[in-house]
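Visitor: Hey, can you work out the whole structure from these sequences and the hints?
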Amino acid sequence: MFNQRDPTSALIRDLQAVVGKSYVVHAPEDLLVYEYDCSIDREHPSIVVLPGNSEEVAAVLKLAARAGMPVTPRGAGTGISGGAIPVGRGMVVALTRMTRILDLDPVNRIAVVEPGVINLDVTKAAAQHGLFYAPDPSSQKACCIGGNIAENSGGAHCLAYGLTTNHVLAIEVALPDGDVVWLGDPTGLEPGYDLRGVFIGSEGTLGIVTKAVLRLLPAPETVTTLLAVFDQTDYASAAVSAVIAAGIVPAAVEMMDRLAIQAVEASLHAGYPKDAAAVLLIELEGLRETVAEQAQAVAAICEVQNARAVEVAQSAEQRERLWAGRKGVAGAFGSIAPNYYILDGVAPRTKLPEVLRRVEEIAARYEFPVANVLHAGDGNLHPCILFDDRVPGADRRVLEAGMEIMRVCIDAGGALTGEHGVGIEKQDCMAWVFSEDDLAAMAKLRPAFGADAKFNPGKVFPGARGEWEGSTGARRIMERALAAGAYI
Amino acid sequence: MGLGHPPDRPFKVMDTRALNRVLEYSAEDMTATVEAGVTLAEFQHMVAAHGQQVGLESPFPHRATIGGILSTAVAGPHRGALGLPRDQVIGIRVAHPDGLLTKAGGRVVKNVTGYDMAKLYVGSLGTLAVIVEATFKLTPLPPTARTLFIGCGSMDEGLALTQRITEARLQVAACELLDAVTQARIPGADASVQRRWLLALEFWGNAAAVARQCGEVASMVREQSAVMAEATGPGGQAFWDAVRDKGRVFGEPALIVRAQTLPTATRKMATELQRISNEIRLQPATSLRPLNGTVYAHWTPTGIRQAEPAEWAALVARLRDAARSEGGSLVVEDAPWALGGVVDVWGPPPPSFSVMQRMKQQFDPERLLNPGRFVGRL
Ligand SMILES: Cc1cc2nc3c(=O)[nH]c(=O)nc-3n(C[C@H](O)[C@H](O)[C@H](O)COP(=O)(O)OP(=O)(O)OC[C@H]3O[C@@H](n4cnc5c(N)ncnc54)[C@H](O)[C@@H]3O)c2cc1C
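Sequence order for the protein chains is A and B. Residue numbers for the first sequence follow my numbering, so the first one is 8 and each next one is one higher. Residue numbers for the second sequence follow my numbering, so the first one is 82 and each next one is one higher.
Be aware that one or more of the hints could be misleading.
Stretches of chain B that chain A covers, calculated by requiring three or more beta carbons in the stretch to come under 8 Å of a beta carbon on chain A [said to hold, decoys possible]: (1) 155 to 168; (2) 183 to 194; (3) 260 to 273; (4) 336 to 350; (5) 405 to 414.
Hints were generated in silico from the structure; no laboratory data involved. By construction, the Cβ of each residue, glycine as well, lies at the ideal position given by its N, Cα and C atoms.
Guide: Set out below in structure tokens:
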């Protein structure tokens with residue numbers, strides 16, 4: 008196949024004519040910023056283009072197609088699973104200039120935004136009308152709506168509110184051939200196939216989001232946050248199941264284990280007891296009577312499930328401090344280990360105790376400390392393996408341990424990824440979950456959207472990376488995965 | 082065969098009712114996997130025993146199967162509380178025209194492994210593959226449900242009240258504004274509040290929170306000097322079932338159209354509906370879901386015989402133009418056989434139709450599944 012990995016000077020000129028000279032990046036030192044998405048993999052693109060609107064995205068895609076150059080879309084580059092990494096190099100189309108909120112309609116409760124708008128900025132803009140945008144990935148200060156749509160991102164509060172797909176009514180998409188179409192309409196009920204729905208979560212492999220219509224929700228009347236402290240992780244997991252079994256769906260149920268607590272307390276002093284085996288951070292939102300009743304019920308359930316203490320945040324500051332610990336946990340790992348590898352797996356809530364025991368065993372066998380942070384309410388676990396990449400062979404062993412842990416999630420009836428996506432990282436595990444026929448059905452979406460092998464190559468499907476790269480031999484470096492202050 | 086155009090070529094009917102097993106129900110995880118032939122009533126009954134519900138609503142729940150409901154994916158009156166049918170499915174298994182079975186998603190509530198294929202199959206009217214099994218996330222049944230009936234002298238009075246309710250941020254589980262014709266057909270509404278329009282509201286949740294909200298509505302109603310009553314006993318449930326069924330009688334399809342716009346355009350759409358149907362003297366039963374931007378019109382089989390099929394086709398086209406000029410759409414949810422193939426069920430295909438055509442080509446290249454019945458005669 009015709010596959011142009013380095014731009015000709017004619018292509019550079021044409022791209023500059025579309026987006027302006029300063030928005031075509033091709034000097035090697037400038038490309039470095041675009042080689043990384045917080046995951047294990049790195050590869051710097053041959054050229055980066057930053058279009059300013061839908062028309063420019065379309066024109067850029069047409070030029071790339073004509074030049075036979077592979078294209079990888081990119082938002083803020085916080086994806087963790089490698090989706091925005093240009094496997095085998097080629098062009099990166101970065102959407103970070105498209106940051107306009109085009110419309111905010113408080114009566115119909117919708118916002119129309121460009122893909123480069125930072126997630127948190129939507130809620131900030133909506134707040135003046137008493138509204139908010141529900142999906143709140145922990146990276147919400149950095150990641151953008153286009154990336155959220157590509158990954159179908161969740162967040163701590165998706166237990167009650169659902170994932171990105173439940174809050175995106177329509178998207179304007181530049182198809183890989185450069186045609187721009189709307190998928191869905193602002194009512195969320197356009198007749199026809201739900202192309203909006205299959206596009207969301209397709210990890211940037213079917214086209215580029217150029218606009219999105221988002222659903223906004225009224226801010227809750229009351230919020231109550233509880234901290235429950237346990238002497239065994241099993242107790243904490245059992246409490247999570249018991250709360251849900253009581254018919255209570257909190258807005259968020261987050262769990263941290265001993266090592267995570269110690270990391271947080273060493274640097275952030277959130278007020279978690281250092282000797283606890285696990286804490287649960289439970290948030291209830293809604294009408295005041297409901298929240299009051301549920302808060303009492305949750306506290307009682309935690310006590311029955313052997314909580315050592317249950318504390319209710321008495322002020323906004325206290326609530327923020329409790330959350331700051333949770334939000335700062337990834338950064339805090341940096342203070343107790345040179346490197347860490349964050350996993351993202353899912354187990355049925357009721358299997359969490361068993362799965363966490365297996366995680367512990369695996370880590371012990373590989374002789375790595377592991378800290379667990381969980382969106383426990385929906386069974387989404389993030390074991391973080393702590394290691395030192397200066398120890399020869401450590402990076403390889405970390406990956407092996409990680410894969411064993413993923414296997415445990417699958418064997419428990421769970422899933423390979425709850426929110427970070429498959430990308431490069433987990434493509435070879437896809438065969439654990441899906442048969443060749445299952446994958447073949449999924450692969451039909453690519454031609455239907457007009458994506459050939461050159462559109463975001465090397466992702467999601469087993470072996471995709473190897474096939475695409477051939478012998479170009481990308482670098483695979485294990486680094487401290489996240490910036491300080493980041494949380495997962 | 083309710084929704085959709087008649088097939089455009091000879092067809093066989095596939096009966097999925099033999100696929101009627103519950104494959105897994107984990108009340109603690111609040112998930113359940115069922116085969117496509119399980120009826121909605123069976124499903125709800127099973128999970129209700131554990132205080133749970135599945136967020137689907139359908140006419141004829143004792144007959145309607147999960148597979149059928151998912152392929153049409155029409156929302157009911159409680160959309161605000163439950164979400165859309167597509168939001169409920171976390172895993173799916175389908176049969177392709179070549180006989181292969183494939184799955185997507187899984188059995189856990191949070192999962193982004195692979196493409197979200199369920200979204201493609203749900204609402205595709207069986208034109209891409211046949212749904213054979215689906216896994217759902219479930220929600221707790223509300224501890225309290227209360228229904229209020231408010232008599233309003235005009236549609237605008239009802240809409241003004243709805244707007245105040247929205248501004249007060251009450252958590253309404255269902256909100257329907259019914260004209261006099263609809264009221265006459267629907268049991269449950271108290272005679273003391275029967276006016277030209279009836280605003281029906283349902284609140285779900287904690288008893289105290291529901292009571293406070295009902296109280297707030299009561300004072301708004303007093304300020305507007307409207308009248309209010311509350312459903313008693315099973316009356317609320319029966320009323321909402323009837324609202325959901327939109328006067329459907331099994332085996333006797335009526336003409337039911339649904340216009341979908343943004344909430345702010347509901348009034349304009351309803352007004353257009355009245356104006357256009359007045360002109361041709363075919364007044365429908367009208368009901369509005371102002372919070373969702375939905376307007377329903379219903380003509381009985383008897384009413385339909387009073388005009389020629391071509392007149393109906395023209396009426397539907399005009400109503401559709403009105404919905405489209407507000408950025409919305411109009412779908413014929415049900416039509417008598419006499420109008421089959423005459424009225425345009427879906428209207429002009431959406432802007433992404435070329436992708437839909439390629440999708441059909443990928444999944445059903447020989448056009449074996451429901452040929453010609455869906456949008457753009459896919
Ligand atoms: C500290 C930290 C915490 C995190 N916490 C969470 C969390 O709680 N929940 C969660 O779900 N995720 C979380 N993530 C993962 C990540 O932030 C999300 O997946 C986010 O949505 C990625 O957005 P981005 O803009 O950084 O996308 P990128 O990393 O730039 O790209 C991600 C994928 O989207 C594609 N893409 C980007 N923009 C577009 C577009 N406009 N059109 C089409 N495709 C596009 C890319 O090709 C790539 O495949 C976390 C990450 C970090 C680093």
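Visitor: Has the stretch 336 to 350 of chain B got at least three residues whose CB is nearer than 8 Å to a CB belonging to chain A?
Guide: holds (count 5)
Visitor: At a Cβ distance under 8 Å, does chain A reach at least three residues of the stretch 405 to 414 of chain B?
Guide: n = 4 at 8 Å, threshold three: holds.
Visitor: According to a criterion of three or more residues whose C-beta lies within less than 8 Å of a C-beta of chain A, is the stretch 183 to 194 of chain B covered?
Guide: It holds, with 11 qualifying residues against the three required.
Visitor: Quick check: the stretch 155 to 168 of chain B, covered by chain A? Criterion 3+ residues, Cβ under 8 Å.
Guide: The restraint on the stretch 155 to 168 of chain B holds, since 5 of its residues have a Cβ under 8 Å from chain A and three suffice.
Visitor: Counting residues of the stretch 260 to 273 of chain B that have a beta-carbon nearer than 8 Å to any beta-carbon of chain A, does the count reach 3?
Guide: With 0 residues in contact (Cβ-Cβ under 8 Å with chain A), the coverage given for the stretch 260 to 273 of chain B is violated.
Of the numbered hints listed earlier, the single one contradicted by the structure is hint 3.
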